[in-house]
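S.K.: Given next are the chains, with one letter for each unit.
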Amino acid sequence: MARPPRRIVLSWLGLLALLAGNVAVAYAGAGSLAPFAHVVIAAAMAAVVLVVFMELGRGASLFWVFAGAGFFWLAVLFVLTAGDYLTRVNFAATGAG
Amino acid sequence: MTVTTVAELPHERGGSYLTDGTTLASWLLTRDHKRIAILYTLTITAFFFIGGAAAAVIRLNLLTPEGTLVDAETYNRIFTLHGVVMVWLFLVPSIPTTFGNFLIPLMLGAKDLAFPRLNLLSWYLFVASGLIVLAGLIGGSVDTGWTFYEPLSSGYASGALVVVLLGIFVNGFSSILTGLNFVVSIHRLRAPGLTWYRLPIFCWSNYATAVIMMLATPVLAVTLMLVAVEHLWGVGVFDPTHGGDPLLFQHMFWFYSHPAVYIMILPGMGVISEIVPAFARKRLFGYHFVAWSSVAIAVVGFLVWGHHMFVAGESVYAALVFSFLSFIVAVPSAIKVFNWLATLHKGAISFEAPMLYALGFILLFTIGGLTGLFVATLAFDVHATATYFVVAHFHYIMVGGMVSAYFAALHFWWPKATGRLYPESWARFAAILIFFGFNLTFFPQFILGYLGMPRRYHAYPPEFQVWNVLSSAGASVLAAAYLLPLFYLGWSLWRGARAPANPWGATGLEWQTPSPPPSGNFARTPRISRPPYDYPEPAA
Amino acid sequence: MSDRVLEKQFADLAHQSETAELGMWGFIATEVLFLGGLFVAYSFYRYLHPAGVAAAASHTRLVIGSVNTAVLLTSSFLMSWASLAASNGEGRRAARLIWGAAGLGLVFLALKGLEYAEEIGERLWPGAAFSLDTPEPRVGEVFYFLYWVMTGIHALHLLIGVAALAAIGWRAHGGVYSRAYHSPVRVVSLYWHFVDIVWIFLFALIYLPGRSA
Amino acid sequence: MNGGIPFLPQSASSVAGEFDVLFAALLAIALAMLGLVFLLMFRFCAHYRRSNRAVDRTGREKKSWHWEVGWTAGSLIVFLGLYAWGADLYLREHRPPAEATDIYVVGKQWMWKIEHLDGQREINALHVAVGRPVRLVMASQDVIHGFFVPAFRLKQDVVPGRYVTLWFDPDRIGVYRLYCSQFCGTDHAAMDGMVSVMSSGDFQKWLAANATGGSLASRGAALFRRLGCSGCHAPASGVAAPDLAGLYGRRVALRGGGAALADEGFIRDAILEPAKRPPAGYPTVMPSFAGQLDEEQIVALLAYIKALPRSPQ
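Chains as they are written, first to last, in the working numbering: chain B, 2 to 98; chain H, 164 to 703; chain C, 437 to 649; chain R, 75 to 387.
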């Protein structure tokens, strides 16, 4: 293993490219879409690290379940809290009242 | 898994985990899950009585409407102490760290948990957290309540707040490590042939508990850390003077603290699912449903936290969703109760102390669960939340349910853990006394709450006195009843009869080891080929 | 060798290794929620004050932040290579790569320290002396509250990671690991990569907002 | 509040009666389910006790599916019915009638301060007229408090940094207890008071006896001038600032796109955090008044701005 396998070299280069892309998006003036674009690109980078560097792609399926559980429960916290924030309208003004 | 085993008498020298090394160091540096369980038992017993003493002060103070025993500030500190100690130093660790630690490897047919060093570390973290928390609470006049609501806690509490929060943070690590150890062990250390559907329900329910410990506790830790930093810097993300939202704290806090209720009750349900079949001499009814209902409670239990916030200013739409999900989470609990009852049908039931506690659990938990439906009902909760109705409701679950289950477990596995039999009539007397003392203490609180008495009140209007006096009277009965086991169980350690390997004639791998078990649990790794609760069918 | 490391509760070394790795995945799941809690707090605060947060974020040091991201990605790459080398029984090569990864971790911390020093000089530390020239300085103060807490916790994780890498590297150098037994390298590398993932999100959320205005 | 042992709280609002019916239903269902559990447990325990050797224990239920589906579905149906009932009443508790009178409430450690539109002020007491719906607009000066009147079966946490509302239609003359229900520090238990529901005539007398010589809006107007708001916001000022007349209840176009309803919360934010949701068409030159006004002052300004008549167009 004097030289690293191609897939991790390519992943590394890909990650650096995604990083550059994320910085470029910041200056592109994407407006209110920019935060979502940043998070999507970051999620893509995280996916590369998880699947290639952390070898989730080759590991036992139980590893997927464990790694997934963390992200799934974080999503639960996020989505249900967002459910409150996004619907905090003036309820009295919405109905016939 | 046969029912009858040779009753081996375990008092050959060096034969048990208790006699393998008798120095203090052999206990404090042990990696044996059974010894760690004993260390935990001693520690949480101490914390239980500290929390109980605080409860005694509360009930004494509320004997009179003016609250003359202590002043308002002291009262607030005392109920904060009661809440923090009972939640994090007793209820959350209670069954998992003691009986879970002791029994899970035995029930898995394993020699230890997956990470024994981590297990010991988790006990040290627990002790450290307990000392830090107590130092902050007793030395530092923290009076925020165990909920640490913002901006009261970071903006208006004394400096010791940070000490208490640090203690709970450390406590969280202990809880997470225990959970991690259980989850990994149950996945990886099951003996050959021990499939998931051959696991005792106690393992299922502790597995579900451990998942919550792993995934909810970190959010509490980080939330309390944000509060601590906000307290130190005078500015933070929950600070309304800087555009922060106090409700964000409540979301993050209850994301842990509601599932934490299931951390407290699920292991108790596991205990009851072991004891009812053992004393009914009958296979557990609906095993698959009882098993999966634990998982369902753990998962759906994560989706209901917003029901603590129906009047807190959360969105009306969010309240509709959280109320709906709260009704859904009640279903798996109902399933468990019906299955326990069905297990009794056509059984051959005997009524030793563990069974009395278990039956008491079912009744008290049912009352707690049914009043849970009341407070899940949106319009009802508007009136009842933050009153004694809610106090009564969660004490029925946590004290009536969880503490009863803890005592049930303590008596059921006492012969296994200590090698001694406890005095049966004393134990039955205590079980009955606890049941009646409990109801006398907490049932009046439902009425108080419905009448509108808010919780955390140091003084109250005179028309509420009758019910408060009744409640305090019940509390004195309850206190006496909780002290009783301390004496007769302690006595049995010296004078109790030697326990056989399987005094109850129960199934389960743990009963096939000698009482007390040897350090390595099993001389040879057992092979399992039968379902659990394999009690013989009656002859036609 | 393998007799000494095998614990009694496991059937064999493979059983033990995979269990250790599963344990680390479980720990990472808890870490996702611990650090994720910070991201949740950040996100909803930003949702309430989008303009104020973006304005404050544009005062962070994007160049240092970007370089540091590249440093960590490279370090992760080296660690991934090291893990493969260790599983191939090449202890010495693994040791050099692990130390390389740890060294890049130290580079990150040094740059981060430089950044911190400049920011303290600019009075971006929340509290009485805080000062920020944006239309919503109070929102900016909370942004910097989150900035210090989030990057500080990340730096602490990184520091723990560097220490763990140093230890693992030392043992790899001493020939402790073999094709049969190298799970500590796997386990520590998982942690290291996870700390990298956290930074990827931190960078996207803390450094990038408010740049195009 | 007589001498006997109380079992039920007083009822004094339009929702209290409906609430009590809901409670009775909950109680009936709970008692039925509890009775079932008690009965089955005692029956099984007595009949199948181990010492009773005469009983036939053969023919045990083997298949549990139909039982499980039965009690799961049964529980679920009952639960969903309760959910719908509770949700319906809750929604109505959140839709005040249009004719409701606004009363402002400011909670602070450890008292309730009440401000009537006509200028009357009270501490730890609230006087209202029977049969006249009231909408409370509540703010907190410091920590979270909870406005709780058991006789109305209503409660609302008062969260600092925003306005919350609570409405009720008092329907029985009397004096009822008011509590703080959210733990708020040392004297939390002393943060209580009385709500007096009076006949229309008595209430008018009370208003007259407690008149302060100026309405809440007039206090706001004075503050509006003193703080220099009128320098820009007066129609004749010549500065490019939004005209506030008729602002309340209108939809305002925002600079970043979109629109917002100019309710109490919007006006509050505009005073304290003008850069948060700036209106379209105006430069952000307004300074923030955060930290300079207490909640009672903000309430006065709010009352003034809400009372400004719609400019004739």
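Hints may contain errors.
Claimed, not checked - Result set (DSSO-like, lysine-lysine): computed pairs, CA atoms no more than 27 Å apart in a straight line:
1. 444(C) with 274(H)
2. 279(R) with 350(R)
3. 137(R) with 279(R)
4. 182(R) with 509(H)
5. 137(R) with 509(H)
Hints listed in this document are in silico derivations from the structure and should not be mistaken for laboratory results.
S.K.: Determine for every hint whether it applies to the structure shown.
M.R.: Okay, the hints, checked on the actual structure:
1. A threshold of 27 Å between alpha carbons decides the hint, and for residue 444(C) with residue 274(H) the separation of about 7 Å falls inside it, so the pair holds.
2. Only pairs whose Cα atoms come within 27 Å are accepted, and residue 279(R) paired with residue 350(R) is rejected, the gap being roughly 44 Å.
3. The straight-line distance between the Cα atoms of residue 137(R) and residue 279(R) is roughly 74 Å, outside the 27 Å bound, and the hint therefore fails.
4. A C-alpha spacing of about 62 Å is found between residue 182(R) and residue 509(H), which places the hinted pair above 27 Å, so the restraint is violated.
5. A hinted pair counts as satisfied when its Cα atoms are at most 27 Å apart, and residue 137(R) with residue 509(H) qualifies at roughly 15 Å.
Going through the hint list in order, the structure does not satisfy hints 2, 3 and 4.
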